[in-house]
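Asker: In order, the protein sequences belong to chains A and B.
All residue numbers for the first sequence refer to the working numbering, where the first residue is 5 and numbers rise by one.
All residue numbers for the second sequence refer to the working numbering, where the first residue is 5 and numbers rise by one.
In case anyone wonders, no lab produced these hints; they're calculated from the structure.
Since the structure is predicted, the reported quantities are computational estimates derived from the model, not experimental observations.
Each pair of labels, with its calculated beta carbon distance range:
#, chain 1, residue 1, chain 2, residue 2, range
1, B, 509, A, 497, 25 to 33 Å
2, B, 509, A, 383, 54 to 62 Å
3, A, 227, B, 475, 53 to 61 Å
4, A, 385, B, 498, 51 to 59 Å
5, A, 148, B, 5, 43 to 51 Å
6, B, 261, A, 174, 33 to 41 Å
7, A, 173, B, 464, 53 to 61 Å
8, B, 475, A, 183, 54 to 62 Å
9, A, 341, B, 464, 28 to 36 Å
10, B, 20, A, 173, 39 to 47 Å
To give a feel for the contact side, a few chain A residues facing chain B, derived at Cβ under 8 Å:
#, residue
11, 346
12, 422
13, 423
14, 444
15, 595
One-sided and incomplete, this derived list gives chain B residues near chain A with beta-carbon spacing under 10 Å:
#, residue
16, 260
17, 349
18, 350
19, 353
20, 359
21, 443
22, 527
23, 576
24, 578
Positions of the beta carbon are idealized from the N, C-alpha and C atoms, including for glycine.
Protein chains: 2
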Amino acid sequence: MPQYTPPVRDMQFVLHELLDVGAAFSQLPPHADLDADTVNSIIEEAGKFASQVIFPLNQSGDEEGCTYVGDGVVKAPKGYREAYQQYCEQGWPALSCDPEFGGQGLPELVNNVLQEMLNSANQAWTMYPGLTHGAYSSLHAYGTPEQKKVYLSKLVSGEWTGTMCLTEPHCGTDLGILRSKAEPRGDGSYSISGTKIFISSGEHDVSENIIHLVLARLPDAPAGTKGISLFIVPKFLPDAAGKPGARNAVKCGSIEHKMGIHSNATCVMNFDGAQGFMVGEPNRGMQAMFVMMNGARLGVGMQSLGLAEVAYQNSLAYAKDRLQSRSLTGAKLKDKPADPIIVHPDVRRMLLSQKAHVEAARALCYWVGLMIDQEHKHPDEAVRKDAGDLVALLTPIVKAFITDNSFESTNLGMQVFGGHGYVREWGMEQYVRDARINLIYEGTNTIQSLDLIGRKVLQDGGAKLKKFGKLVQDFVVAQAGREDMKEFVEPLMDIGDKVVKLTGEIGMKAAQNPDEMGAAAVPYLRVVGHLVYSYLWARMARLALDKQGEGDFYKAKLATARYYFARMLPETASLIRVARAGSGSLMAMDAALF
Amino acid sequence: MPQYTPPVRDMQFVLHELLDVGAAFSQLPPHADLDADTVNSIIEEAGKFASQVIFPLNQSGDEEGCTYVGDGVVKAPKGYREAYQQYCEQGWPALSCDPEFGGQGLPELVNNVLQEMLNSANQAWTMYPGLTHGAYSSLHAYGTPEQKKVYLSKLVSGEWTGTMCLTEPHCGTDLGILRSKAEPRGDGSYSISGTKIFISSGEHDVSENIIHLVLARLPDAPAGTKGISLFIVPKFLPDAAGKPGARNAVKCGSIEHKMGIHSNATCVMNFDGAQGFMVGEPNRGMQAMFVMMNGARLGVGMQSLGLAEVAYQNSLAYAKDRLQSRSLTGAKLKDKPADPIIVHPDVRRMLLSQKAHVEAARALCYWVGLMIDQEHKHPDEAVRKDAGDLVALLTPIVKAFITDNSFESTNLGMQVFGGHGYVREWGMEQYVRDARINLIYEGTNTIQSLDLIGRKVLQDGGAKLKKFGKLVQDFVVAQAGREDMKEFVEPLMDIGDKVVKLTGEIGMKAAQNPDEMGAAAVPYLRVVGHLVYSYLWARMARLALDKQGEGDFYKAKLATARYYFARMLPETASLIRVARAGSGSLMAMDAALF
Numbered sequence: 005m006p007q008y009t010p011p012v013r014d015m016q017f018v019l020h021e022l023l024d025v026g027a028a029f030s031q032l033p034p035h036a037d038l039d040a041d042t043v044n045s046i047i048e049e050a051g052k053f054a055s056q057v058i059f060p061l062n063q064s065g066d067e068e069g070c071t072y073v074g075d076g077v078v079k080a081p082k083g084y085r086e087a088y089q090q091y092c093e094q095g096w097p098a099l100s101c102d103p104e105f106g107g108q109g110l111p112e113l114v115n116n117v118l119q120e121m122l123n124s125a126n127q128a129w130t131m132y133p134g135l136t137h138g139a140y141s142s143l144h145a146y147g148t149p150e151q152k153k154v155y156l157s158k159l160v161s162g163e164w165t166g167t168m169c170l171t172e173p174h175c176g177t178d179l180g181i182l183r184s185k186a187e188p189r190g191d192g193s194y195s196i197s198g199t200k201i202f203i204s205s206g207e208h209d210v211s212e213n214i215i216h217l218v219l220a221r222l223p224d225a226p227a228g229t230k231g232i233s234l235f236i237v238p239k240f241l242p243d244a245a246g247k248p249g250a251r252n253a254v255k256c257g258s259i260e261h262k263m264g265i266h267s268n269a270t271c272v273m274n275f276d277g278a279q280g281f282m283v284g285e286p287n288r289g290m291q292a293m294f295v296m297m298n299g300a301r302l303g304v305g306m307q308s309l310g311l312a313e314v315a316y317q318n319s320l321a322y323a324k325d326r327l328q329s330r331s332l333t334g335a336k337l338k339d340k341p342a343d344p345i346i347v348h349p350d351v352r353r354m355l356l357s358q359k360a361h362v363e364a365a366r367a368l369c370y371w372v373g374l375m376i377d378q379e380h381k382h383p384d385e386a387v388r389k390d391a392g393d394l395v396a397l398l399t400p401i402v403k404a405f406i407t408d409n410s411f412e413s414t415n416l417g418m419q420v421f422g423g424h425g426y427v428r429e430w431g432m433e434q435y436v437r438d439a440r441i442n443l444i445y446e447g448t449n450t451i452q453s454l455d456l457i458g459r460k461v462l463q464d465g466g467a468k469l470k471k472f473g474k475l476v477q478d479f480v481v482a483q484a485g486r487e488d489m490k491e492f493v494e495p496l497m498d499i500g501d502k503v504v505k506l507t508g509e510i511g512m513k514a515a516q517n518p519d520e521m522g523a524a525a526v527p528y529l530r531v532v533g534h535l536v537y538s539y540l541w542a543r544m545a546r547l548a549l550d551k552q553g554e555g556d557f558y559k560a561k562l563a564t565a566r567y568y569f570a571r572m573l574p575e576t577a578s579l580i581r582v583a584r585a586g587s588g589s590l591m592a593m594d595a596a597l598f
Numbered sequence: 005m006p007q008y009t010p011p012v013r014d015m016q017f018v019l020h021e022l023l024d025v026g027a028a029f030s031q032l033p034p035h036a037d038l039d040a041d042t043v044n045s046i047i048e049e050a051g052k053f054a055s056q057v058i059f060p061l062n063q064s065g066d067e068e069g070c071t072y073v074g075d076g077v078v079k080a081p082k083g084y085r086e087a088y089q090q091y092c093e094q095g096w097p098a099l100s101c102d103p104e105f106g107g108q109g110l111p112e113l114v115n116n117v118l119q120e121m122l123n124s125a126n127q128a129w130t131m132y133p134g135l136t137h138g139a140y141s142s143l144h145a146y147g148t149p150e151q152k153k154v155y156l157s158k159l160v161s162g163e164w165t166g167t168m169c170l171t172e173p174h175c176g177t178d179l180g181i182l183r184s185k186a187e188p189r190g191d192g193s194y195s196i197s198g199t200k201i202f203i204s205s206g207e208h209d210v211s212e213n214i215i216h217l218v219l220a221r222l223p224d225a226p227a228g229t230k231g232i233s234l235f236i237v238p239k240f241l242p243d244a245a246g247k248p249g250a251r252n253a254v255k256c257g258s259i260e261h262k263m264g265i266h267s268n269a270t271c272v273m274n275f276d277g278a279q280g281f282m283v284g285e286p287n288r289g290m291q292a293m294f295v296m297m298n299g300a301r302l303g304v305g306m307q308s309l310g311l312a313e314v315a316y317q318n319s320l321a322y323a324k325d326r327l328q329s330r331s332l333t334g335a336k337l338k339d340k341p342a343d344p345i346i347v348h349p350d351v352r353r354m355l356l357s358q359k360a361h362v363e364a365a366r367a368l369c370y371w372v373g374l375m376i377d378q379e380h381k382h383p384d385e386a387v388r389k390d391a392g393d394l395v396a397l398l399t400p401i402v403k404a405f406i407t408d409n410s411f412e413s414t415n416l417g418m419q420v421f422g423g424h425g426y427v428r429e430w431g432m433e434q435y436v437r438d439a440r441i442n443l444i445y446e447g448t449n450t451i452q453s454l455d456l457i458g459r460k461v462l463q464d465g466g467a468k469l470k471k472f473g474k475l476v477q478d479f480v481v482a483q484a485g486r487e488d489m490k491e492f493v494e495p496l497m498d499i500g501d502k503v504v505k506l507t508g509e510i511g512m513k514a515a516q517n518p519d520e521m522g523a524a525a526v527p528y529l530r531v532v533g534h535l536v537y538s539y540l541w542a543r544m545a546r547l548a549l550d551k552q553g554e555g556d557f558y559k560a561k562l563a564t565a566r567y568y569f570a571r572m573l574p575e576t577a578s579l580i581r582v583a584r585a586g587s588g589s590l591m592a593m594d595a596a597l598f
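Bound-form chain A, shown alone (with noise of 0.2 Å):
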């Protein structure tokens, strides 16, 4: 059985140490109270309640799933509704929502630190909770004041919860060819038709009521994406009460049979005139629905996190544990028939390839939480844009890099099991399956690659991606004078000017034949990708180097940020050589002739 045990240390020295969220909460007006250690007390019960409530679900919820009982009823796995009462009992929805509707005005950086630990726990069953905080958020911004009055309360306490409704069988990415209806029905409502797929946590026994948000066209909508309205789809209509009353026309028509998140139920949901209240202005619903989507990519991010790190804790654990094999510099325990598996160079590349990415991804998840505090609470208007433009150009990061990483991290973890890690049993594989989703959700990979390439670099001619650049240099005038630093300095700024010389050329040959674009934009975003973890772990070498002397903690981060620079960093070497090759050799093939 595996096991899991908040990493609360790593998480304070990213929260304290590298952020000094106290001095930047300080800075926020909402948030100016906040001590260090409330936060700790904090993420103490999170994690004590992802740990003893929530992981002791995961393997079971993931071999009972979901059951389509029947007429559009689907029921969660067992004890996964006493699970999410309790969640709700203790108020973690409310955690970093707006206390006018009853949240606890905590920062979103503190919900990040929360959903981490969720997600290490269970990240089927997270997925529950985890999307009505993106409805929450869109309805925040963009509802009307009686949508807020009716619908935010109950989804900040929990009661009920929301879902995304975007994919439709014919379309995924291309949102610009949904066909679900809107027809106007007097009365400032609509009735919603229309099929749409994929959709988390559509239908189930958790919460007492379900709130879809709803993309379909208006009868005189234009063509494309520039004709899609954001509803309002309750699963029980609100009655004058704000109780849920009559079952509105949505209903669920089957549930996936997945690779992984097992327990969260993937539903087929069927709108047949379903009453329906816009959100937003008429045409402008993908406006609405990107403060959703961007919320759920970055959730899948932690989600990767949450698994890589639960999948590292598993294997380290087993390393130290199993005895196999002499080590090759000859027996360290003498009076055992083999040595523990962690003695091995290649096993050890295991776990520092875990360890070193998840990390970072950490450093990553919470740095970008602080960062859309910061964009949504600054005083300063100047700080809000900043904090607004790097979140913007690291969300595709923070989604793809992080998930493509925490892929390759679960599988090294299951692969450091041997014969055990392919067995249920031990819980490794189940990582591995959870992981694939994240790849592909909420906007595929590609997707997100495409999106840093074209809309967060190449669209404003690379000044969000300057910000960063400047962040980077200042970091490095910091270190002159600082031998002990040259090793990690030296190559941030290899790697930086690199990305630079690399976006400028991929810029030049775009302009002439976008498939240029298309053809560099998944090695360039691992590029980039690497730029920020080499910035990010050249930062934390530098506390680790200043406290050496202070512990063990700090003598493996150092280690750790040397085995990333040694042995991780030197992937840009080939991604840079690919993102280079051009379009040439894809497109050189009639589709024919594959």
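For this one, chain A is given, so just place chain B on it according to the hints.
Answerer: Chain B in isolation, oriented as in the chain A frame:
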């Protein structure tokens, strides 16, 4: 539902154009009269059997899995037994077996072609007969005349199936510490006691008898791998007439619930004083088992080749069919709402990476298959020795490089499907789950990499690697004056030079510190793997260049070769850096600091 069409044209290209098997067979007395037409018609029949009989059971078998009925009884999924009977009736188990025992005496290479197709059709089903062929080879090489008489004809006909019983709960990689015991019974036979785990096809209802080849220790055996002997332990002891007689004291305790290969029974086997018969000499069981293990390692490469082929076929069909978004260079199908996704550069990356890998893997597997025939049947001892050396060198590459690449490849195939790839119905996620075991069993890919650098390369001072280098050299020299071959020959020479240099460096460092070997092994194997693929792709490019005018098949082959050199071989730039990075960053941290 997935589809499978045997890739007959590609197979024929490798057999007749790349390997010129007609000429090669003519040098081998047992096959001197085997002509291309006969080979082709066998392939055609095998393809029908694989695609029409075995393939339709793949998804249903995965869904149903094996059943532990109780009291040691295991049932394979519906249809498996009947399909196996047809397999035997059609004579497929006998294809490459010795005519003295009822075999058809065809080359191993022809059997490899059959294996590829069976594995594309259904890896888990193919594991029932798959290990039988290994047991046949081991007994054919080391059995007594009496043992051969009793067992070989039954294994050749397929009436009885075989297993390899090596792993125990506390040992897998490290067989030196295995504990199963063999006590002499005084009648020349032995009582075998112990527990073996992860025994593929250990118990089932597919065949009437199961012949276990079991590693165990004699009472006076020295410690380590030099104290291990090999025993035949039949489920039913053959009676005087050679029919299954008394039930032996070997029983399946349980079956594993696994990530994939659900329809193959992975068994815990309890030997409780079961009667066994020694194969080969006392304490030299590893030698006899290695005949089976080397065959199994190549077999695992063939499993992954098969899965990569079928995953590629399905993702290609989907990419041509699925309409989603417009080409970046403007709409291609103006009368449709979107273009087929094969217009997008990154979808082509996913397809071409699969295609370039599958075609190189097939060339490698078939070439090794031919060399196995040459090793055993060529009249010239020097040819036999060279072939044997190359097979030994290439075995870990077939096992590890092909399985790693195929896991990546099946994942790319799944990714082409977007969300549909994650849903069981489409079949793509099964290929990923099934492919995952191939990186683990028959020696993890780490073990393969240590076998390559340690036993196959450094142990003989690089003699086997030089034999491979000579082939590359000869090919390069033969291209002199071919301007059109430069684009292939130059990178081939370059990677060849780099392998020589890297090998020398690792050898020198490893002489000082054996952990340097462990630290470099995995990236080193991938670098050598790319040298092998470069050699094969350059040879295939030459054939394609010469026949460019003869149709689309050769144009596609040439374009795929160019893709390989432009976008896959560059992986070596990073691998070489990592292989050179040394053991320092791996070994620096004390285990307690992780």
